[in-house]
Amino acid sequence: MTEAAGLLDELLDNVVRPLLIGGEVRPLEPVGEALAVEAVSGTVSSSVAWVDVQIARETEARKLCAIDTLPALSRDEWLLLFAFNDLLQATNATLTGTFGSSRPDTLLSMARALIARASAPATIGEALARHATFARLMAPERIDTRVAWWTGSETFRGCEPPKRLLYWRGLRRVTTNEERVRLQHMAADTDFNDAWLRTLNLLLRATPLTDLASADRAEPAFGWTGAALSLIRLDAGHTLALRTLERTGRAPAIAAALGQAAQDIAVPEAVPVAEALVHSLNALPTVRTA
Amino acid sequence: MLERVAVHQTRLRVPGIGLDARGVALGARGLVLVPSIDRLVAFLALYTETNALGPLIASLRIDVLKSKLGTSELSLSFDAGSSDRMDRIAEVARLAGGFALTGSSRHFVQYRDAAAPFGYDAPEITATDAALALYHNTFSQVYEIEREIKLSSLLLRMMPYADPSRASETGPRFLLAEEGIGGSILSYLVRSHVQAKVALCEWPPESSFDDAPIKRYLFEVPELPNRMLALFRDTPGVRTFLPETPGAAVEVGFRHPIALKACPVFDSKKLVLFCGAGGEPLVIDPLPALGDVRALTKVSLGADTTEPRPAKPIQPKPIQIAVRLAPTLAASSAVEATLVANEDLELFRRLAYALGPSAIATTKVAVTPMGAFVLREGGIDAVPVGRFFQRIHSSIFIPSGTTLLPAVNSDVLYRALGQPQGQLVFFMPDASAVAVEESCFAPLEDVLLAGEQWAPVSGSDLAEALATSTPVVWLDPLGLRPMRRAEPVE
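Each protein sequence line maps, in turn, to chains A and B.
Under this note's numbering, the first residue of the first sequence carries the number 1, and numbering increases by one thereafter.
Under this note's numbering, the first residue of the second sequence carries the number 1, and numbering increases by one thereafter.
Read the hints as simulated data drawn from the structure, not as lab findings.
As the structure is a computational prediction, the values presented were derived from the model and not from experiment.
It cannot be assumed that every hint is accurate.
[Said to hold, decoys possible] Label-pair distances were calculated between CB atoms; the ranges are:
(1) B:440 x A:62: 35 to 43 Å
(2) B:347 x A:62: 42 to 50 Å
(3) A:153 x B:480: 22 to 30 Å
(4) B:381 x A:275: 50 to 58 Å
(5) A:283 x B:346: 25 to 33 Å
(6) A:23 x B:480: 27 to 35 Å
(7) B:360 x A:62: 48 to 56 Å
(8) A:275 x B:379: 51 to 59 Å
(9) A:122 x B:446: 18 to 26 Å
Cβ atoms here follow ideal geometry from the backbone N, Cα and C, with glycine treated the same way.
Using the sequences and the hints, build the whole thing.
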């Protein structure tokens with residue numbers, strides 16, 4: 001039995017399912033490009049987790065349009081999920097070790113390679129399915145615990161501090177402070193932050209609806225992509241994007257971000273397409289209060 | 001002198017006389033003695049006026065009696081039946097100047113009268129071989145029967161008397177026409193479409209100088225039109241007879257002395273025509289077969305031609321005229337539509353606020369470039385705006401106050417329009433027509449309200465949202481070789 005066997009089930013149980021329905025996301029050991037590519041050709045055997053994932057995906061999709069079923073996770077989505085796994089694992093403090101300062105960059109480069117292998121959505125249905133999987137991509141948080149004692153301090157990212165540091169709290173004046181770190185800030189205090197944000201940005205761009213729905217994010221900054229423009233150029237895609245953005249509850253902020261980003265579009269013909277979405281977004285009726 | 005029968009008397013001297021249940025002296029037969037033939041006729045006329053001779057006819061016998069003194073009298077004898085019948089006969093006999101008697105075969109005693117409520121009895125019976133021995137308060141006489149008179153022959157010998165009131169009676173008629181005029185009357189009846197049957201009757205020559213029998217046409221007309229009554233009455237050679245009873249008819253304008261319908265002596269297979277003005281009754285025996293007059297009309301054939309010349313069909317010239325609308329003062333009915341011009345739509349909109357619920361529910365509107373066609377079954381009076389139309393057909397409307405020229409039936413106009421299905425045709429005042437599809441008419445209540453602006457409020461499932469936890473990333477220690485399986489694709 002190779003190492004790739006059962007990798008999808010592990011990813012489904014530890015990453016995908018908690019990502020969609022909440023819970024503890026425990027990324028797998030760094031998978032890398034080769035193993036991920038090999039693994040996505042396999043099948044899922046975990047029926048319970050699979051049902052939960054499908055229900056969560058369809059629930060998310062039905063918020064936007066009336067569909068009965070969604071297709072199963074595609075190969076591209078699995079690749080993106082493996083990339084997401086490695087993206088999270090890149091922030092693991094134990095990855096670097098004593099002589100492994102370059103490992104995060106290596107891992108991130110392989111994650112970008114996986115993202116590159118996943119092509120942009122070819123149809124509106126694929127865009128919807130991909131958004132149903134990654135709608136909560138920006139939702140995960142990481143709990144960082146900062147432990148301080150009388151001679152020093154240390155921050156533990158996404159893991160419990162060793163118990164030995166917590167002994168004799170009063171004598172050693174031990175204090176602990178937990179901080180919930182959002183996804184885009186998980187690598188903020190590292191050397192590879194830029195590479196990490198770039199990888200996250202690529203992952204977001206791979207799912208246009210999700211990218212548009214989080215356009216008002218501070219980091220990584222939103223930029224119009226060919227996939228997003230191709231999606232909203234069609235009437236159905238335009239409507240779907242409009243519904244997605246309207247349901248975020250942050251339509252004005254997103255409209256501002258999209259309008260700002262439209263100024264940076266290199267292709268002049270694509271600008272009206274983006275502006276049309278911005279215009280439609282601004283034209284959404286606002287709730288009038290008495 | 002006769003004796004009056006007393007109450008509870010049980011024995012009578014006259015043979016063949018007994019007491020009936022009421023105690024009246026009554027024999028098996030009754031007899032009416034009249035002095036002359038005219039009294040007999042009077043008796044029959046009076047009796048048949050209110051009574052039928054049917055019950056008597058089987059036993060009725062009329063005899064001419066001759067007394068020993070040589071006087072002739074007439075008797076009418078019959079089965080007495082009961083004292084009730086005898087009472088009626090006795091009353092009529094007294095009125096006609098005759099005597100009523102009762103007896104059995106030879107001896108007859110006076111029937112009861114006011115002086116003797118239970119009748120009479122003869123104190124002494126005459127011993128005689130005469131045919132009849134009659135006992136009366138005023139006389140007792142024996143008679144011989146000289147001869148018998150048949151009732152039927154008596155009736156034939158009676159002359160009808162003039163009675164102008166019968167000339168105007170309606171009903172079936174017999175027409176008896178001389179041979180020379182019969183054919184003309186036959187043609188006349190056929191031309192006039194009068195149902196009638198006809199027969200040709202023959203009588204023996206009236207004198208030896210005639211060498212041929214007398215032929216007459218007999219017409220039986222079930223219902224002769226009134227306009228012809230005077231014609232046939234006054235036309236020489238034609239006599240009109242009114243049927244009295246099966247087998248007997250009396251000439252119109254005359255009445256037989258005796259009610260013939262009360263005398264069942266005529267055979268329906270014969271016909272006796274009683275002629276007025278002294279004419280002899282005409283007997284048709286047997287009644288010949290009567291045929292429909294239409295079967296005897298003359299048929300004239302045209303010139304002999306080798307073959308019929310077929311008529312050439314000619315295409316008729318079309319007579320087509322355009323429809324016009326003319327004003328009329330007649331009250332318009334069924335004003336069920338109005339055309340609200342575009343410039344009046346604002347007024348119609350304002351008017352909509354004043355319409356009642358029923359008017360809004362039953363009114364339909366079709367908006368066209370010409371304006372809004374408003375339709376309401378039962379009357380458009382609730383919408384007093386626009387040009388009104390009245391419905392003349394289920395699919396055709398014309399302006400109110402106008403009428404269609406030519407005044408053809410609306411169904412004809414509908415066919416002339418090509419029977420448009422699912423279209424309502426509205427004629428304008430200039431006679432031009434526009435058609436609006438029925439499907440374009442929407443209920444007013446559906447199109448009345450403008451699209452009210454509303455803001456969607458996205459509701460989220462609070463329970464679901466609360467149940468969904470935030471994904472929390474836990475990074476487990478990776479060990480000494482964290483990148484042991486992470487390799488790029490070669």
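Evaluation of the provided hints:
1. Restraint check, residue 440 (chain B) to residue 62 (chain A): a C-beta distance of roughly 38 Å satisfies the suggested window 35 to 43 Å.
2. Distance hint check for residue 347 (chain B) and residue 62 (chain A): the Cβ-Cβ separation is about 48 Å, which falls inside the suggested range of 42 to 50 Å.
3. Checked against the hint of 22 to 30 Å, the C-beta distance between residue 153 (chain A) and residue 480 (chain B) comes to roughly 26 Å, which is consistent with it.
4. Taking the beta carbon of each, residue 381 (chain B) and residue 275 (chain A) are about 55 Å apart, inside 50 to 58 Å as hinted.
5. In this structure the supplied range 25 to 33 Å holds for residue 283 (chain A) paired with residue 346 (chain B), their Cβ-Cβ distance being about 29 Å.
6. A hinted range of 27 to 35 Å for the beta carbons of residue 23 (chain A) and residue 480 (chain B) is consistent with their spacing of about 29 Å.
7. Residue 360 (chain B) and residue 62 (chain A) have their C-beta atoms about 39 Å apart, which leaves the hinted 48 to 56 Å range violated.
8. A C-beta distance of roughly 56 Å is found between residue 275 (chain A) and residue 379 (chain B), which places it inside the suggested range of 51 to 59 Å.
9. The hint said 18 to 26 Å for the Cβ distance between residue 122 (chain A) and residue 446 (chain B), and at roughly 43 Å that hint is violated.
Violated hints, in rising order: 7 and 9; the structure is consistent with all others.
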